[in-house]
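Starting from the known structure of chain H, arrange chains E and F on it as the hints suggest.
The residues making up each chain are set out below.
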Amino acid sequence: MSRTALTPLLLVAGLAAAGCGADASTVVMAPSSFTGLTAGIDAALDDEPDWIIAGSNRLVRQLADGARADVLITADETTMAAAVAEGLVTSEPVTVATNRLVLAVAPGNPGSVTSVDDLSDERLLIGLCSVEVPCGRLAAEARGRLGLDLAADTEEPNVRSLARKIAAGELDAGLIYATDAADLDLTTVDDEVLGVFVTDYLAASLNGEPSPVIEFLRSPQGRLLLTAEGFVTP
Amino acid sequence: MSAPPRPTPPAIAVPAALAVALLALPVVGLLQRAPWSTLLERLTSTEILDAIRVSVTVSVVAALLCLALGLPLAWILARHEGRSIAVLRILVLLPMVLPPVVGGTALLFALGRRGLFGEWLNRWFGVTLPFTTAGAVVAATFVALPFFVTTVESALRDEGPALDEAAALAGASPWQTFVHVTLPALRGSIAAGVALSWARALGEFGATITFAGSLGGRTRTLPVEAFLALEQDPETAIAVSVLLLAISLSVLAVLRGRWLDR
Amino acid sequence: MISLHGHVLRGALRLDFDLDIEPGVSFVVGPNGAGKTTLLRVLAGLEALDDGELVIDGETVDRPADGRFVAAHRRPVAMAFQDHRLFPHLTVLDNVAFPARRRGTARHDARAAARPHLESVGIGDIARRRPRELSVGQQQRAAIARALATPAALLLLDEPLAAIDDASRTLIRSRLHAATHPTIVWVSHDPTDVGADSRRISVDGGFVRQTLGS
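Chains as they are written, first to last, in the numbering used here: chain H, 1 to 234; chain E, 1 to 262; chain F, 1 to 214.
So that you can see chain H by itself, here it is in the shape it has in the complex (with noise of 0.2 Å):
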């Protein structure tokens, strides 16, 4: 059953998809922070693909809507689970790579952040994802099973801005994937302790053969690339 199109994006991805119907190249569904790994993964790759990059969970409501991709990669187990659910991957997804949650301070440390607990101190400003999306789902999570007190000032919608955020200095800390802060080149503290909250990205076919792309992705380069931009892989 389609639904009335709510966001540009679904215009965007439908034209895309269009498009790419008529040259027949690959359309890669991927989440934001694959954005750092296209252009290595086009390099290695006979056929690049064709990316359409977008939070997890607009990316399973395009494919629902009748976009169409060759492979999907979200940013978490869950959001793969309900793509299954509905029918719309009919392949094993596999587990290509897990991203850490991290304790990303500002540079310079100005509110001397040193660990966890620091995130209940009012007097910072504290930034977070919302639960809405994955990397927000992972705070919470830590959230609950460390027993923290998070004096959030912020929940922003995706990772990238609270990362941006914290890198301009306009946040003290706040809870990010270690690839965003990565590729901010941010500071991280106390990664044993949240080293334990992952998010594993899970890639399906949709198109019923084996992917070229996914296939890279487990291959040795591809587990390099994946290191060198923050993933932890399989």
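Simulated from the structure, these hints should not be mistaken for laboratory data.
Here a beta-carbon is modelled for each residue, glycine too, at the ideal position from N, C-alpha and C.
Just so you have them, the derived chain H footprint on chain E, three or more residues with Cβ under 8 Å:
#, segment
1, 103-115
2, 125-139
3, 223-232
Just chains E and F now, kept in the frame of chain H:
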């Protein structure tokens, strides 16, 4: 005893009909998708009620700020000429042409903790605007101000200095003229300006979420709520959109009477 | 006594003034576009001299050489405009009471003082109406009443009877002649307005001068 309405030429009627379709169809689409059976239940959840409270507070304060700051500015623009006035007018229109997220980013550069002016505010007064309700008000006022100023300035220009001169010759000082002649004569366009700027402030998203962030009960407005709900609960997103539509339409309908009565 | 000497230059129009206006009624006559309204605007303080001096009752209100210029609202001048300029948001009564209100008179007293002025130009019965409900003739009468209600040493009238119907013209004409303002400068096209012994100010060919009789 009124004359029969003159026929509308097709060259006018057809584009006008297309315009109406462009405006009306998304609204119809929205209403058709709305989860009517669960609407009330969704809209009275704590989260939504919080968002309503934040949205109403921020948009009303922003509209009042637009009035307080925009009226003097409109007066200056309308009653003076020259190159500096032309430059000023471009500045006023800037928020209208900037993409809202760019506007929000610019606000961070200016008023953020590490911002040009914000750093000084923070260090000397301990005032932080980002991630506060006040910050949301600033972002909303920034995008809504041009709507107020352009509405009132054009009305002031139309009026011209004629009444000001008559008031002066009746013994009124410039301030008395402003209070007793200019303002009352502008009642209609001031109301229209407030309504427009309020509506813009209510629907503001990009600049708000970039500058003020999003936190329930503090900065999470209805548009932000709708955007985030889209991730996993699109039915609620539609419900919030219907609510925003209802609020805007009812206020505009109330003010419509004023607009006609100029 | 009003002394106006000097000139203004407005685009292509240059007006040279040479006037010493005694108390009483002076009529301003001249061809259309010659600058009669400009003369009134200079006297009123809505325009400034480019050179020269304007003195009203001993007070220098305009003297470019010294950088001296007294704004319109501070001059002892009242004016009935050719295009009326009633305040649209006020009733006729409140329009005429406006000058008194700005001087600090309480509303009730200002309105009471305004009524006789309305009666004297024949619009006492439409005191509660708004300007947009009035005919052009009624608007002009209201504008006259407002000027009459403005205490001043100099009363300026710009074609005050243009919109008045023939039947009422005599009444209002005599009312204007009887105005209590010491000096009246009256722009008029109508020879009937000008009394035989009235002074004339001629605006013609760029010169503004007093002429006698005829």
